[in-house]
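Chemist: The residues making up each chain are set out below.
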Amino acid sequence: MSNKIVKSGKSKHKFIKIGIDLGTANLLVFVEGEGIIFNEPSVIATEYETGEVIAIGYNAAKMIGRGHHGIKIVSPLNQGVISDMDAASKLIEIAIRKAETIDINLKASTLLICCPSEVTQIERDAMVELAHKLGVPDVFIEEEVKAGGIGAGLDIYSSQGSMVIDIGGGSTDIGVLSLGDIVVSESIRIAGNYLDQEIINHLQYHHGLLIGKKTAQRIKEEIGTLREKTDPDVTTYANGRDVVTGLPRKIFVTQDEIKEVMIEPFMSISNAILKVLQNTPAELSADIIQTGMLVNGGCALIDGVDEFFTKEIGLETKIAKNPLTAIVEGTKVLLHNRGNYYIKPVD
Amino acid sequence: MANKNGLGIDLGTANLLVYLEQKGIIFNEPSVIAFDRESGKIVAAGKDAHNMIGKVHDKINVIKPLKNGVISDMKAAKSLLSYVLEKVENLTEKELYNTECVMCCPSEVTKIERDIMTELAVNMGISNVIIDEEIKAGALGANVDIFKSRGVMIVDIGGGTTDVGVISYGDIVLSRTIRMAGNYIDSEIVKMVKKQEKVEIGELTSERVKTELADLREIRPVIINKYAGRDIVRGVPKFVNVSSEDVAKVLIPTYEEVVKLIAAVLKDTPPELSADIFEHGILLTGGGALIKGVEEFISKRIKVPVKVVSNPLTCVAEGSKYLLKNRGDYLINPLKL
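Sequence lines, in order, name chains A and B. Residue numbering for the first sequence is 18 to 364, as defined by our numbering. Residue numbering for the second sequence is 32 to 368, as defined by our numbering.
Check before you lean on any hint, since a few could be wrong.
[What the hints assert, rightly or not] Heads up, simulated DSS-like pairs for lysine-lysine below, C-alpha to C-alpha not over 25 Å straight-line:
(1) K150(A) <-> K34(A)
(2) K79(A) <-> K115(A)
(3) K109(B) <-> K292(A)
(4) K229(B) <-> K328(A)
To be clear, the hints were calculated from the coordinates, so they are not data collected in a lab.
Model the full structure from these sequences, guided by the hints.
Modeler: Right, here's the structure in full:
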């Protein structure tokens, strides 16, 4: 007990460094000296009338598509950028407070927020504003690819070029990194959520079945694949509402079918990768052909992503060991050097 | 004299060498400097900055302060030199004021280009500066006694320029310069690979191709190495095979030009000196002398013996120590001091 008091007493005076990966799908919070204290979907549920928060994270995500009139369920981010400022600030505040053992004084801390590489200045300003709203005076914004590269264990501070592809929930970021910063980057808004939507559309048009977002996500995670060879025996069920009769219905979808749906979005991603490679200086191209590409983000977990890119681009593709947490782990390093490219932080 | 520092600077297009009296060569790295665009601070210099060429993001500006043997970016040249002197040797401004400095330049630079070199030294707080020719320093650095009544011919194939000169009695009798040397070969290799293989390679890679595959011998083994670059059609990274034959195709025309230049200088050389040169041979210095079979290539065409000096890369800087002693005066033989 006394230990805790000393700790909280200390934190009042010490600046605490917090790194946030505010993704469209998941919110991750890293606190220096504590590790990742929050890793849950970025969803918040509030009561319509009073505006009181009912649930955040997993509990709120469970409510998606299941809420009633009294509950407003919001994903504060849309395609990688903040779309609902109030909800975003509430979500972060609660996420930080959720770890009860740590007393964080937001007024005396440094906050790092990660953003997609091609957001506009206005979208960046929105992130800064968000931090000010939380009462944090010291805030800086860094690119997700940079943090993701560091978190996945790449030495981005050397002159050896490396390529990171981050396929998240709302946006896919592709970046070539060298000497601690981004040389070429590209961001497209085709990522996990887009895949879910494509699955929903497919089932609606081809099976006449309307399914929810959660179901689509589950289908993607369970049987989604990009491998050349699919297994005809792998199927999963999909429960939804028949568009014609309006009655609940259950069907089975095959792996092959889902693969067909996912191929097209992934072709768009691989085109974006080609575009980045075309703009890469020749010297860095020479490095990338040796080191290969690194895939990060939630969609890196889809079966056969590496095989697909290796075939399409002709470069060796590696999946990060920690695709979901790489970005927030990278913030640890960026918090040390404040994103300065020529200071290589040493632990 | 005792409290005065003597400094010899060989500010070449490719490499910067600094000689400090009583210490020897304190710096021998590529003349490249990298700045932070926003703050103007120096990020790296020398080898580290050289490794950044073609690899940087827009926050870093990598500059080669020299082009074709002459200073093209004054501010960068100054920063590079002060960086070396301050960081490597801790020379303070006060010490620099008490420093005597020799700077070497290609033999056919204009008066304005020489003045720029002097200005550079003055900018750094060195008041006492002498500009002298690289070939003179190179000959001295190769331990050739140029103060005798004997003609010596020096061919210095550097990064930006190739200098050919005849020296007798401690100074240059005649000299010629062409702006065709190591960097020119690099860019020709880039063009060749682009044309033949449809792959664009970077500056550092082409330099590597040159050092690994360049061979001018009559009978040369065919070596094929793999290099990486960017496919100009698809844009993706791609490996290419470059053979020593391909490189020779680029090297030979360039070295033919050098041979032509040597022939032109020999044509204008007074006959008495020609006799000396024929007897003692032509001396090759500079990075371009490191290519295999250079001696054979030139001597076969000119019919004069050719020798590569033992220290082709550092002889200019080493020679500057003698020029510091006699301040470039041909009457005083520093080798006897």
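Chemist: Please go over all the hints and tell whether each is borne out by the structure.
Modeler: Going through the hints against the structure:
1. K150(A) <-> K34(A): Holds. K150(A) to K34(A) sits at ~17 Å (cutoff 25 Å).
2. K79(A) <-> K115(A): Satisfied, since the Cα-Cα distance of roughly 18 Å is no more than 25 Å.
3. K109(B) <-> K292(A): The given pair, whose Cα atoms are some 39 Å apart, is violated under the 25 Å limit.
4. K229(B) <-> K328(A): 22 Å, holds
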